[in-house]
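Can you build the whole structure from these sequences, using the hints too?
Chain order of the listed sequences is A and X. Residues in the first sequence are numbered from 2 upward in steps of one, following the working numbering. Residues in the second sequence are numbered from 2 upward in steps of one, following the working numbering.
Hints listed in this document are in silico derivations from the structure and should not be mistaken for laboratory results. Some hints here could point you the wrong way.
As a list, the in silico DSBU-like pairs of lysine-lysine whose alpha-carbon atoms are at most 35 angstroms apart [as the list claims (entries may be wrong)]: (1) X:Lys20 to X:Lys121; (2) A:Lys24 to A:Lys121; (3) A:Lys340 to X:Lys121; (4) A:Lys20 to A:Lys121; (5) X:Lys24 to X:Lys121; (6) X:Lys340 to A:Lys24; (7) A:Lys121 to X:Lys340; (8) A:Lys20 to X:Lys340; (9) A:Lys340 to X:Lys340; (10) A:Lys340 to X:Lys24.
These figures come from a predicted structure and were not determined experimentally.
There are 2 protein chains.
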Amino acid sequence: MSVTTAQGFRAAGTTAGLKASGKPDLALVVNDGPQRSAAAVFTSNRVAAAPVHWSRQVLSDGRVDAVVLNSGGANACTGPEGFQNTHTTAEKVADVLGISATDVAVCSTGLIGEQLPMDKILPGVEAAAAALASDGGAAAAAAIMTTDTVAKEAAWTSAPDANGNSYSIGGMAKGAGMLAPGLATMLVVITTDAEVEAEGLDAALRDAVRPTFNRADSDGCMSTNDTVLLLASGASTAIPDMDEFTAGLTEVCATLARALIADAEGANHDIAITTVNADSERDAEIVSRAVARSNLFKCAIFGNDPNWGRVLSAVGTTDAVFDPNEVNVSINGVQICRKGGIGDSRDLVDLSGREVTVEIDLRTGDASATIWTNDLTQAYVEENSAYSS
Amino acid sequence: MSVTTAQGFRAAGTTAGLKASGKPDLALVVNDGPQRSAAAVFTSNRVAAAPVHWSRQVLSDGRVDAVVLNSGGANACTGPEGFQNTHTTAEKVADVLGISATDVAVCSTGLIGEQLPMDKILPGVEAAAAALASDGGAAAAAAIMTTDTVAKEAAWTSAPDANGNSYSIGGMAKGAGMLAPGLATMLVVITTDAEVEAEGLDAALRDAVRPTFNRADSDGCMSTNDTVLLLASGASTAIPDMDEFTAGLTEVCATLARALIADAEGANHDIAITTVNADSERDAEIVSRAVARSNLFKCAIFGNDPNWGRVLSAVGTTDAVFDPNEVNVSINGVQICRKGGIGDSRDLVDLSGREVTVEIDLRTGDASATIWTNDLTQAYVEENSAYSS
Chain A
2 MSVTTAQGFR AAGTTAGLKA SGKPDLALVV NDGPQRSAAA VFTSNRVAAA
52 PVHWSRQVLS DGRVDAVVLN SGGANACTGP EGFQNTHTTA EKVADVLGIS
102 ATDVAVCSTG LIGEQLPMDK ILPGVEAAAA ALASDGGAAA AAAIMTTDTV
152 AKEAAWTSAP DANGNSYSIG GMAKGAGMLA PGLATMLVVI TTDAEVEAEG
202 LDAALRDAVR PTFNRADSDG CMSTNDTVLL LASGASTAIP DMDEFTAGLT
252 EVCATLARAL IADAEGANHD IAITTVNADS ERDAEIVSRA VARSNLFKCA
302 IFGNDPNWGR VLSAVGTTDA VFDPNEVNVS INGVQICRKG GIGDSRDLVD
352 LSGREVTVEI DLRTGDASAT IWTNDLTQAY VEENSAYSS
Chain X
2 MSVTTAQGFR AAGTTAGLKA SGKPDLALVV NDGPQRSAAA VFTSNRVAAA
52 PVHWSRQVLS DGRVDAVVLN SGGANACTGP EGFQNTHTTA EKVADVLGIS
102 ATDVAVCSTG LIGEQLPMDK ILPGVEAAAA ALASDGGAAA AAAIMTTDTV
152 AKEAAWTSAP DANGNSYSIG GMAKGAGMLA PGLATMLVVI TTDAEVEAEG
202 LDAALRDAVR PTFNRADSDG CMSTNDTVLL LASGASTAIP DMDEFTAGLT
252 EVCATLARAL IADAEGANHD IAITTVNADS ERDAEIVSRA VARSNLFKCA
302 IFGNDPNWGR VLSAVGTTDA VFDPNEVNVS INGVQICRKG GIGDSRDLVD
352 LSGREVTVEI DLRTGDASAT IWTNDLTQAY VEENSAYSS
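Laid out in structure tokens, this is it:
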């Protein structure tokens, strides 16, 4: 149930002293092989952090031997000195593990616009390397937490193949969607002991990320540091059916994505917004996302108010194919908007629980997509205005 | 300093009983001519309210004799019955004034998804017609308020022309940007006694709205009812230079737009976000708007935290022409981000006042644009979650 569930991986988490709280802040994940293929997706933010620039280069040959991750500083908007610090960190990992720095991915999360304290990072790398263990997944997951209240881990195991071999996929994540105050970063490392080359990993990862992490949208704010890494060791010797592998990977990604939203800071409600019967998946996604980004809608849900007018007004800002006089909206199963007008009574909608489902029926096709978000609360504003260090 | 500043107009505000508070809720503005040309811009929301559909038809011939406006109900998402209610309201205005219903524009604001109480609207129209007066502008401005704390009015007067004639432009507005809880609507009526045909009014209005109302963005939520109407009576007999007229109209629009943002519910700071040295005005606008829509940035300003990393991460989500390593950012005159990296100390930035200026220097051209917004506060969440009736 962690980044060390799959065979062939060791991990560690340690306290380098980057966080004022004195909590663990540096993690290391090592692929002991025999295979070392890897794939990754990164933030599409054009203001990308130094570790994102570095890791993109590392991934270009589809090989990653180790990943070093730190909380307590994003190393974003830090110029050439910031990039040099990432490079130096990777070199340090390479030295202590006897590998090449060009096979070391780096991830950082924390405040933007401050240099990392390298006098703490480098000894932290040595300590983490000394602590590497095949059951170190939980320690690594704890060390990448920022304002997360719980560590996020997930795992999945395949059925045995024709040779009786099964394989596992396990992972860890940090971040509260984009709700983590100022840290605003999602870092994910997923490992597998299946035998899959880098190209196969890349295709599976893109398929798995699209309906999961890319549809978790807590406050519409895109980070400079988002990274999702997938590493394969081949240690199980199982050669997976790629459809099955992608399905398992998607399940792990979905579990981690839901855990991020469930831990979103200040949130009182987890909201799943599903658009159904859309002309295309793209239409379904943009409609769900438009609603997920409406502050007015999110405030209404915080107030337990099934204010469907705020759903419709958000839907109306999109260019999806629909007729405003044909749209139905249900909240928690009650169709309070029918054919773009007044439906069943608002009084029938119970919003007292944490889970909220919104279904928007466009009635123009058969595609659907869900965006996971949360409500907008006074606690969110408190957390994100009080933060400064 | 109102919608009756220009000659040739009468107005009234009355209490029809639409609001539970018992405050005025129905306004009437009448153009007594001799000219009755008009232009308008409406919400681009595809889920448009019944009065928007009606008024678009009315404006199609460039003539408006009267405008009836109600608060206490948006008449949006109300189906054929809602459209019939708008039609009936216009017919009633036409009857009591002896004009054609096809020359009566209608504006509504209030909760989406409820039918208007026509048994209150129709007597209200009679009462408003009886109260019409050439100094009725202030009463009309009060009657369109929803959660506004002050009525919004503005006026401008031209220099005399060659014949010694001058003309005026005056207007009223309601709405707190999009921050008004659930009401989420901006209604604006502007009048002038200049002699201008409908085509000229239309061109001037589009030029004036673009850098003013279209750049006031309090929370990114687009209404179903937004309407800006411009009526000309020609009563001054002054034939304006259209550049001068457009400049005066823009000044009136800017005053009203700033008043909307300044009255945004729950806001503690008014924020002007200006992008300079952009490759195009479009680039400057989308960059400023991306920052204006970042909840994280808006929370930081509420907390008096000059968190420029949240500015950069929002800029990075746009497709504007810029190099992340060349962007400068100043907050209240302090350049805290230089060439995409760390600039002057955050400690130099004083955010204790209400007015905040953010300048983003893209260094790729000479275009600029300002978006006016406000901070995201606990009071905003309170107002927008507590609302339900």
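Going through the hints against the structure:
no., hint, in the structure
1, X:Lys20 to X:Lys121, "holds (11 angstroms)"
2, A:Lys24 to A:Lys121, "holds (14 angstroms)"
3, A:Lys340 to X:Lys121, "holds (27 angstroms)"
4, A:Lys20 to A:Lys121, "holds (11 angstroms)"
5, X:Lys24 to X:Lys121, "holds (14 angstroms)"
6, X:Lys340 to A:Lys24, "holds (33 angstroms)"
7, A:Lys121 to X:Lys340, "holds (27 angstroms)"
8, A:Lys20 to X:Lys340, "holds (27 angstroms)"
9, A:Lys340 to X:Lys340, "violated (52 angstroms)"
10, A:Lys340 to X:Lys24, "holds (33 angstroms)"
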